[in-house]
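Please model the complete structure; the sequences and the hints are all you need to start from.
These are the residues of each chain, in order.
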Amino acid sequence: MRPIKYLSTIIGLFFLFPAFAFAYGTCPGATTAESLMSSNPSIPIFTVSPVGVYSLYITDTGSASPYGYICDLTHPIGALNSGNFGSYNPLLTLDSQSNFFSTAYTNGGNGSGAGDTMVYINSTSPFGGAGSDNGYAFFTVGSGNLVGAYSTPPGDTTTRIDSVVPVPDSSANATSTSFTFSASGYVNGNDYATSSTMLHIRARQLTGMGLRDNSILSQGVEFYIPITASGAFSVSTTTNIYSSGQWTAYYAIETPSITVFGVPILFEDFWLPGGNFFTKSLAVIYDKFEVATSSSFEQQEAAIDISGNSIVASTTVSGANNCAALSAGFDLGACLTSLVQPSDAELADDVNTVKTKILAKAPWGYVYRFVSILSASSTVALPTFNVDIADNTAASGTLAFDPGDMLSGGGTLLSGITDPHSGKNMRQIIEPFIQLFIAISVLIIIFHDLMAMGHHQKHK
Amino acid sequence: MIIQLIIAVFTSILAAIFAWLPSVTTLPTIGGYNIDTALAQGVGMFYTYAGVVWPVSDVFLGFLFLIGYYTLKMVLKFFLGHRAPGSH
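Respectively, the protein sequence lines represent chains A and B. Residues in the first sequence are numbered consecutively from 1, following this note's numbering. Residues in the second sequence are numbered consecutively from 1, following this note's numbering.
Because the hints were derived from the structure by calculation, they are not lab data. Do not take every clue at face value.
[Said to hold, decoys possible] Some chain A residues flagged as far from chain B (calculated, every beta-carbon gap over 10 angstroms): (1) Thr159; (2) Val167; (3) Ser182; (4) Gly329; (5) Asp350.
[Said to hold, decoys possible] With a straight-line Cα cutoff of 27 angstroms, these simulated DSSO-like cross-link-like pairs (lysine-lysine) come out: (6) A:Lys355 x B:Lys73; (7) A:Lys288 x B:Lys77; (8) B:Lys73 x A:Lys357; (9) A:Lys355 x B:Lys77.
Don't be surprised by glycine CBs; every beta carbon is placed ideally from N, CA and C.
Written out as structure tokens, the structure is:
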């Protein structure tokens, strides 16, 4: 029995040898690329099929220390590399931070492995991982013709949305101004339109306490967030959510679908019931989540708001209170006046309705938006600029100009000059005349236009 | 209340007619250039400038008044068609 026991031990060690070899860093015990990928999806794999002499180049400008192996698919551990590659040792070894390394090997000519060689690259930090996003590898054959390339991220480079927040079928609490919508994914370079690729998020409350905002039935929010570059992206925004209940959300990566003379034009707003015909959605995800509770502040605000127009406004601002005989605010004169003359609040409400629900609608809404921007009163600081003064000596300098400072300084100087008799400055003296001149000019233009219309009518 | 009722009914009917149309919140982005942001920035800078060089603001106010007049004409023409004053 004893010789048989020794024999079995020797046979066992023989079969264990490949496992030792693998542990020391040679080709893995996988016979197919698919099985290798499934065991470690972060490892890029190349299959080089034509018979020929190849060079493998690996570049990694990140912090990784990549190294590579060349394995024969048809000859797993124990039989591979014997003809072409010499040993089990790693064929390619890169020193830390070495950006270039190449070797040549002959694919094929090794019995049944001819024309079926697999190469895979490994690194201390897998390609596509943190700190090694610049890693890539490629093959050349002969004098440098590219036959295959691989770049990070490994695997899927299609335009897609990987994850969204709120997480589908999850529950979240709404707090004031801090309810987060976000999405991350990947935009392929071929799909990317510079400065015109957006992540479109639309979320709407399905059930629950619908109070206000875009619809009288439920709350809804909508965002267009620019995606600033192709490749992996992650964008987010925060907003007020004050309506608890079931919500549905729509996330889409959108680019312009129309071009004029090759220039893409993006109409973000043109959403009709059938979709936005001016944009194409490259990737779409639908999400359903629950807003568990609203913040107490938002609930109170919403409660005030829902009653604002119908109750508070009518009892304190409109004439209804004046006409209620038993009300403390009863005033017959004011009541009669209110019968024909709308209150300021009611008129403001009407004007707001006309603005938001009629004038702001496409397509004439673009004219309205243009006028709205022109009539805004917010100020923006003038851009500053620097001038570098070159010198043929070592010394050089930079002059910084701030037009805002210069203008305000000039304005202060002008307003400081006053008429010694009246004490008024130049603006106070001259501006009424300028305003009068402009007003008369505008009236003449309008009058002339109206007269021209009458003239046309008369001809008709 | 009577006038308000008439106005409210009229605006509500118009709002209901156009409810299916999308609301415009931004001007289009052309060739990657955000017209809306650029225009808003430009107008904001203009206001900064006009705040100091005050005659410019008076001229601009007159310009806005004229644009309002022509916009009103366009709206009337849209709703009244050939019955609008001055239409051929």
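Structure-based check of each hint:
1. The beta carbon of threonine 159 (chain A) sits about 18 angstroms from the closest Cβ of chain B, which is more than 10 angstroms, so the claim that it is off the interface holds.
2. The Cβ of valine 167 (chain A) lies farther than 10 angstroms from every Cβ of chain B, with a closest approach of about 28 angstroms, so its non-interface assignment holds.
3. At roughly 21 angstroms from the closest C-beta of chain B, the C-beta of serine 182 (chain A) stays outside 10 angstroms, upholding its exclusion from the interface.
4. Non-interface status of glycine 329 (chain A) relative to chain B is upheld: no Cβ of that chain comes within 10 angstroms, the nearest being about 15 angstroms off.
5. At roughly 5 angstroms, the least C-beta separation between aspartate 350 (chain A) and chain B is not larger than 10 angstroms, which violates its mark as non-interface.
6. Restraint check for lysine 355 (chain A) and lysine 73 (chain B): satisfied, since their Cα atoms lie roughly 17 angstroms apart, inside the 27 angstroms limit.
7. Using a Cα cut-off of 27 angstroms, the hinted pair lysine 288 (chain A) and lysine 77 (chain B) is violated, with the two alpha carbons roughly 45 angstroms apart.
8. The straight-line distance between the Cα atoms of lysine 73 (chain B) and lysine 357 (chain A) is roughly 19 angstroms, inside the 27 angstroms bound, and the hint therefore holds.
9. Our distance criterion of 27 angstroms between C-alpha atoms is met by lysine 355 (chain A) and lysine 77 (chain B), whose separation comes to about 18 angstroms.
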